[in-house]
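*Asks:* Take a look at the letters that make up each chain.
There are 2 protein chains.
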Amino acid sequence: MSNIDQLAAIVGPGNVITDSNDLAPYLVEERGLYHGAALAVVRPNSTAQVAEVVKLCASAGIPMVPQGGNTGLCGGAVPSEDGRAVVISTERLTRIRAVDPVDFTLTAEAGCILSNLQQAAAEADCLFPLSLGAEGSCRIGGNISTNAGGTNVLRYGNTRDLVLGLEVVLPDGQVWNGLKRLRKDNTGYALQHLFIGAEGTLGLITACVLKLFPRPREIATAFVALSDLEAALPLFARARTASGDSVTACELVPRIGLELGMRHVPGVRDPFESPHDWMLLLELSSSRPGGLRDALEEVLGQAFEDGLAVDAVIAESDAQRSDFWRIREAIPEAQKKEGGSIKHDVAVATSRVPEMIRRCTSAVEAAMPGIRVVPFGHLGDGNTHFNLTQPPDADKAAFLTRWEEMNRIVHDIVVEMEGSISAEHGIGRLKVDELVHYKPEIDLNLMARIKKAFDPNGLMNPGKILR
Amino acid sequence: MSNIDQLAAIVGPGNVITDSNDLAPYLVEERGLYHGAALAVVRPNSTAQVAEVVKLCASAGIPMVPQGGNTGLCGGAVPSEDGRAVVISTERLTRIRAVDPVDFTLTAEAGCILSNLQQAAAEADCLFPLSLGAEGSCRIGGNISTNAGGTNVLRYGNTRDLVLGLEVVLPDGQVWNGLKRLRKDNTGYALQHLFIGAEGTLGLITACVLKLFPRPREIATAFVALSDLEAALPLFARARTASGDSVTACELVPRIGLELGMRHVPGVRDPFESPHDWMLLLELSSSRPGGLRDALEEVLGQAFEDGLAVDAVIAESDAQRSDFWRIREAIPEAQKKEGGSIKHDVAVATSRVPEMIRRCTSAVEAAMPGIRVVPFGHLGDGNTHFNLTQPPDADKAAFLTRWEEMNRIVHDIVVEMEGSISAEHGIGRLKVDELVHYKPEIDLNLMARIKKAFDPNGLMNPGKILR
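So the protein sequences, as listed, match chains A and B. Residues in the first sequence are numbered consecutively from 1, following the UniProt record's numbering. Residues in the second sequence are numbered consecutively from 1, following the UniProt record's numbering.
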């Protein structure tokens with residue numbers, strides 16, 4: 001029997017895709033950066049089937065590429081162009097096995113779409129706080145494999161912090177059962193944490209136990225005009241304290257981000273009468289109703305007195321709250337419509353975000369006069385999407401040829417500031433060389449030793465994270 | 001030069017201890033379970049000195065035992081009896097390098113005593129939430145190496161969740177610099193998480209960046225008499241929700257725990273007029289002042305109506321709050337005074353704690369009539385100290401000979417319930433065989449591969465966690 005026939009014997013012929021038209025959507029990614037090739041896409045519907053598929057591929061020496069919703073931004077789920085690999089899709093692993101509001105846990109298979117998990121939590125009067133742009137199509141196994149971030153990290157942590165247990169098929173096809181609902185377990189090395197963020201290079205996640213939280217019953221949202229960029233820091237720290245650590249979003253919006261949104265995205269309006277250079281979307285939420293809005297008003301009142309804020313609007317309705325979020329969320333879309341953009345997903349210590357933005361802005365403006373810097377995002381956790389929009393009259397293609405040059409300028413500064421060149425998007429294929437450039441040799445060496453210990457034949461998602 | 005002379009050349013002669021009287025306190029542990037031996041205790045005062053010491057030992061083939069405050073309960077910091085090892089003490093690595101209330105971070109060396117870090121955080125109007133019995137003498141490097149738990153885990157997580165960055169001297173003497181203040185960093189495998197909880201077997205932690213939180217400004221504490229053990233679960237879940245996830249302690253106290261305390265520990269009093277089988281110490285705290293006590297009263301009022309609680313007292317003063325905590329904290333001391341006790345540090349899913357307690361109680365009572373079961377502790381995170389006090393008239397030594405038999409009974413049930421045989425104390429030497437007995441072969445195998453990848457010569461804290 002051919003390998004394809006053997007795969008079909010495991011998952012059924014209808015779940016081995018080899019037709020080039022049907023394969024196509026599994027071989028490209030979001031931004032169109034890569035066009036891979038594959039022997040087949042295989043769609044197992046149980047952990048046992050995944051294990052059999054992996055065993056077969058391992059014994060036949062076939063590289064394997066785990067794929068969830070294929071919404072990643074670094075090409076981590078796309079096979080290489082050589083066409084030797086099998087893509088193992090988790091899209092049929094979609095059972096929610098349990099929701100337990102007493103334990104505050106949810107047990108689900110890796111192919112569950114994030115928004116479905118959010119919904120299942122809400123139906124049990126709980127919150128699953130992971131929230132990001134692709135939530136309607138990304139799958140939880142991919143979120144875990146990339147340790148996804150999003151807008152709630154400052155209060156609830158990264159995906160890593162939301163995972164209690166994992167089930168993983170190892171590169172040799174053995175099933176590792178770490179599917180525990182335990183809040184405490186000190187019995188040896190943290191194997192689970194190795195799989196989280198490993199982008200499928202150490203094994204294929206098939207199921208997980210997630211932490212739930214009490215569902216918020218009061219939300220208070222403000223759009224704040226800052227006196228300057230630096231004012232964001234004390235304002236955020238005060239809001240954390242005054243709200244009982246209930247700041248669940250603290251997003252930076254620069255003037256140009258708002259302007260591009262107003263130009264290109266319907267429904268984006270300036271909440272203020274006069275223009276402001278730097279604005280903050282500040283959201284508090286709590287399952288304890290009452291008092292949160294008062295706390296927000298007090299923080300803002302004090303911020304006016306101390307000269308940190310010059311204007312602010314508190315959302316009076318869900319509609320107004322949505323308007324504020326639309327301003328923030330419109331930025332990437334507006335940038336796309338404005339022409340070419342060169343992106344950075346960087347992090348530094350929260351207290352150093354303003355310094356990083358100022359230094360990087362000066363450096364890229366010096367290298368390319370007319371370039372428009374649009375730094376926005378998760379100020380509360382130190383993660384800035386330091387995105388660059390082409391000069392108004394420039395040629396898009398010519399602008400984009402300078403991607404690596406701009407990356408080098410920005411990443412040099414970020415690394416010198418002890419920051420991260422990939423805060424929440426991961427490495428995938430996109431940043432493999434960048435990682436080699438910036439990671440100390442000792443880190444790369446330890447990572448290579450771990451990869452070898454788990455996947456000695458290098459068949460599990462080869463070429464991702466590590467060369 | 002002898003190895004001792006070479007060590008003295010690195011750290012200074014006064015910091016190489018070889019005299020047997022001076023060595024003694026480094027070679028025993030808390031409970032007196034082990035009496036190790038060592039070539040010397042070495043006390044470096046910088047990361048560079050640690051690195052030199054480790055390099056020397058590595059090249060001379062000398063086993064190394066990292067030691068912090070030596071307060072661990074499983075013998076993880078004690079050398080073996082063969083006397084070949086050098087103990088590397090972190091007690092001179094006591095600098096607090098930075099406290100940043102804007103970042104909510106604290107950077108400290110591994111030898112800092114936990115209570116000093118709590119104090120440094122408080123002086124910056126912040127909270128470092130790790131809190132446990134030994135906080136006046138344990139050192140943060142040991143807390144991190146054992147992923148210490150304590151009483152605040154249900155709100156703030158284990159030590160693992162409180163660490164942003166680490167600096168580690170690897171088994172070959174190289175310094176791994178992961179001393180970052182980043183809340184987001186997705187650039188490869190989670191090396192940091194491997195060192196956390198590895199009990200010094202993969203490297204020696206020399207410094208860390210810790211997360212701080214806003215300092216609580218309101219604390220509301222209740223001692224609650226439950227209608228039965230099962231009532232603890234819905235009461236805890238409701239308190240989480242009603243308080244805006246501000247339950248920072250939820251500790252179970254059984255009748256016998258209170259009675260032993262009243263018998264043996266000064267200041268322990270029953271807060272209730274009539275006796276109750278099961279009680280809960282419930283504490284809410286928040287940096288947002290106002291409303292927390294109201295929330296607590298509402299939860300308790302509802303609990304009376306629904307028959308979950310039969311009596312409750314809310315602390316009206318700091319003194320009364322301390323009285324409540326004294327009841328809880330007196331239990332281990334009271335047990336010691338009552339005679340022999342056989343201990344278990346187990347965890348199951350929070351929702352299964354009552355079932356676990358009932359099943360294990362029946363089983364040990366059947367095996368030893370008259371045995372007194374004293375299950376207490378961190379109900380909110382599923383971690384029970386399932387401790388057994390000898391029958392009143394039994395011989396202590398004879399009782400203690402049945403330690404392993406009782407362990408087997410309890411651990412069999414806990415493992416069958418998908419629980420943990422070491423929730424917060426770790427493995428050390430004490431539970432190495434127990435780990436081999438219960439951990440699946442695949443887990444032990446992966447752990448051994450990691451150990452080999454990091455420490456191929458097996459010189460770093462040999463015999464701990466893994467055989």
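There's no promise every hint is true.
Pairs involving identical chains hold if they fit within one copy or between any two copies, as the list cannot separate such chains.
Stated by the list, open to error - The list that follows gives simulated cross-link-like pairs (lysine to any residue, SDA-like), each with its CA atoms no further than 25 Å apart:
1) K336 - V265
2) K439 - D393
3) K180 - Y438
4) K55 - E405
5) K439 - L229
6) K439 - N177
Derived from the structure by calculation, the hints contain no laboratory data.
*Asks:* If a hint holds in the structure, say so; if it does not, say that too.
*Replies:* Evaluated hints:
{"no.": "1", "hint": "K336 - V265", "verdict": "within (11 Å within a copy, 70 Å between copies)"}
{"no.": "2", "hint": "K439 - D393", "verdict": "neither (37 Å within a copy, 64 Å between copies)"}
{"no.": "3", "hint": "K180 - Y438", "verdict": "between (36 Å within a copy, 15 Å between copies)"}
{"no.": "4", "hint": "K55 - E405", "verdict": "neither (43 Å within a copy, 40 Å between copies)"}
{"no.": "5", "hint": "K439 - L229", "verdict": "neither (30 Å within a copy, 52 Å between copies)"}
{"no.": "6", "hint": "K439 - N177", "verdict": "between (32 Å within a copy, 11 Å between copies)"}
Of the numbered hints stated above, those contradicted by the structure are hints 2, 4 and 5, listed in ascending order.
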